[in-house]
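Enquirer: Now for the letters of each chain:
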Amino acid sequence: MHKDEKYIIDCLNEIGNFEISDQKARANIENAKQAILNTPIQSTGDKKWSKLMKLNLTKMAAAAVILIALIITFNHNGVSPDGATIAWADVFTKIGNIESYSYKEYRTETHERLKPESAEIKLKYIKEKYYSKEFGKKTESYHDDNLSGQSYFLRQTNKFYVISHLMNHYRQEDWDSDSMDWFAPRYIIDNYSKSEHLNIGRKVIDGNVVEGIHLSSSANNNSKNRYDYYESTLWIDVKTELPFLVETNYKINNGPVVNYVMCEFQWNPVFTAKDFTPVIPDNYHLIKKSSVKKNLAKPQKVEPLDLSYLDEIGLTYLIYDNSASEKIETLANTDIREFMPSNNTDKLEELLLDQDRIQQQWPKYHTVRQDILEQIQLAIDYESLPETELLYIAQLLRDKFWMVGGLLSHESYQYGYMARVLCEIAYERDQHNADIIDELVESIQTLEPTVYTSLDDKGNFIRTKNIMLNKELLELKTKQFNILVGKINNETPPCWQHFACANDLVQLYQNLDNYESALSTVDWIIENADAGGWNNFLPDIKKTQTQLLNHKGFNSSIYKSYNQMDTEDFRYLRTIKSFKGPSWRGRYPKYKLN
Amino acid sequence: MNLLDEHGSSLHRMLGRITRCEHTAGDLLQDLFVKLVSTKGIEKADNPYAYAWRSAANLAFDWRRKRKIQTVTLDNAAEICDQSSSVIDKIIKNEQLEHVLDSISGLKELDRNVIYLHYVEQLTYDQIAVRLDKKASHLRSTCSKAIAKLRDIVSKINSTPIKKEGSKSA
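Heads up: the sequence lines are chains E and S, in that order. Residue numbers for the first sequence follow the working numbering, beginning at 1 and rising by one. Residue numbers for the second sequence follow the working numbering, beginning at 1001 and rising by one.
Keep in mind the hints are simulated off the structure, nothing from the lab. Keep in mind that this is a model prediction, so the values were computed, not measured. Positions of the beta carbon are idealized from the N, C-alpha and C atoms, including for glycine. Any given hint could be a false lead.
A partial selection of chain E residues facing chain S, derived with a Cβ cut-off under 8 Å [claimed, not checked]:
1) 11
2) 12
3) 13
4) 16
5) 18
6) 188
7) 189
8) 193
9) 270
10) 272
Derived DEER-like restraints, expressed as beta-carbon distance ranges [claimed, not checked]:
11) E/435 <-> S/1135: 55 to 61 Å
12) S/1138 <-> E/364: 52 to 58 Å
13) E/284 <-> S/1140: 30 to 36 Å
Just need the whole structure built from these sequences, with the hints factored in.
Expert: Spelled out as structure tokens, the structure:
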């Protein structure tokens, strides 16, 4: 045996001789028992835990009410009975010494109806977050009490993992752990310390005496006025001088109302390397780093395709982005306000030409669809969302597309493509739903005109039909029409939806020079005018019939926009008549039905 | 709680042997059980004791890796030299054991657990196989390789010039 080996084995044997007195051992075991009794049972995604907490709350309730009453009675303007308030310096010192923490995050977003007929969307997220100065940061997301995803930012390996348990896949990338500072515990209180805040005094929560600090929108100076309103209360545990509960409500630029609660903080829990070691089941597949960013966007004008906002702040800024109009001006290298379609058609044509030039530089949808889908998969658990929510998100994404420049932007297509993917997913699930087909058609048209503008040899503007798109739309609209007509019976007469769909069909047939089918569809419209109640449109329809018989264009409109004469509206032209455009365009039927 | 009643002593003893400090062993035992009741892992474990044992070993070796080395000041060194030779021998022996334990803590989890169970707890490979849910033959070869790794580490430490460095107090 090697002499070093013998030395080691001797040492190991010697280590085995180390004994602790029975008395001390018993005392240590007793202490451990007490520690267990004082520890809330906080198992991952465990429903039992919440039940236990409720029981605990019930028991605490009576005592808490009495304590609250006593404290409020003696507590004036946030000063505790002994006149003391928590000193920020102490809180900062305490939190500065924190090496690890964990907390639970409950987030609810309530999206207002964009249209009266839209469903109200409420999105709920539950997350558990773990931070260790030594190991990194871990987030566990739950859906219906089941672990749906995990993310790891690992300090020691400089790796970043995202694991989706719904999709059975994961992503692994390099990550600069120097940015770890961003997760430091002090950021939980940073905003409060930098802003004017109001000490709202003490109360008892779950048997713990806490002191509150309140921020409101007028006092929140760090928000750069992005908030319609913002109010947040940080409750500090008086005993530990560390955060106990954070409750925040806000609304950004008319986006959803967000309620955000951080609670069940554990300070300096013991973590081991194992706690921050991603466990990836063998059957999970690795998603390659998306090439979307580097392949699809132009360096000068790229807005990074970062879907994390969907997860982190909901869909808020999809809807409202004040930079949109500036970007349109920049991207078009001109001021669109000069171009009144009525008096400057050449300029309008020039802009349409620019739009088409830019649009043709976008990557083709089918070549990047998979990349886009992977981006969506990483951001939202779309499989768990019902079709209505997929369509709603798609609508928001289309609005975002228009806000960042629409067809005049080199980067906007990313949002439009995402909207189309979501609509296609909804359509794959239910191909006999006329509403889904409407949204899919809307998404497809958002990205591509039915007619292209170009220049001939002499420099004149010419129009060329986009045959492929017209065929694609015709196929979908025909299917929709058959679905709708199939539902007509004595009790369910034809309605506006039938009329709108038939009008689209006429236009598409005409675009494809199929006048025979266009005329037979017009016949159907006329035959069903009484039953459907669109007699008011008959003069226009009959005029169209005559034009089609002469193989001439169809040019009647059945919709109107709120801002039809606005220069803005040119962005939504060269589409079929039922095309809605962004929600603020306010597209609505031109005439009331009989 | 049953686990603590049944195996608390054994886990505590192991924590003591690795940390060589009864106070730290007590702290880590608390940490261990707080962690066990706070997470779901043990509920899923086929052998809860084996799970708890591995968690405890990880905690103890992690503690050993993380703790800061306390260098003996020149004043302290002089004081030590003034002690009787038997005390100095004891300090040197303690120093050696600390070095070996520190070296073990740098090994992979399986390596260090096998070494500990075989040489410190004196378990047979069949007994270790049950504890670690591995094959005995695999553990035998693992242990042999781990000892070789440990030998390399220890010999490097021993071959470095002697510094004015004292014991690493727990």
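Enquirer: Evaluate each hint against the coordinates.
Expert: Now the hints, each set against the structure:
{"no.": "1", "hint": "11", "in the structure": "holds (4 Å)"}
{"no.": "2", "hint": "12", "in the structure": "holds (4 Å)"}
{"no.": "3", "hint": "13", "in the structure": "holds (7 Å)"}
{"no.": "4", "hint": "16", "in the structure": "holds (4 Å)"}
{"no.": "5", "hint": "18", "in the structure": "holds (5 Å)"}
{"no.": "6", "hint": "188", "in the structure": "violated (20 Å)"}
{"no.": "7", "hint": "189", "in the structure": "violated (24 Å)"}
{"no.": "8", "hint": "193", "in the structure": "violated (30 Å)"}
{"no.": "9", "hint": "270", "in the structure": "holds (4 Å)"}
{"no.": "10", "hint": "272", "in the structure": "holds (5 Å)"}
{"no.": "11", "hint": "E/435 <-> S/1135: 55 to 61 Å", "in the structure": "holds (60 Å)"}
{"no.": "12", "hint": "S/1138 <-> E/364: 52 to 58 Å", "in the structure": "holds (54 Å)"}
{"no.": "13", "hint": "E/284 <-> S/1140: 30 to 36 Å", "in the structure": "holds (33 Å)"}
In the structure shown, a violation is registered for the earlier hints numbered 6, 7, 8, in ascending order.
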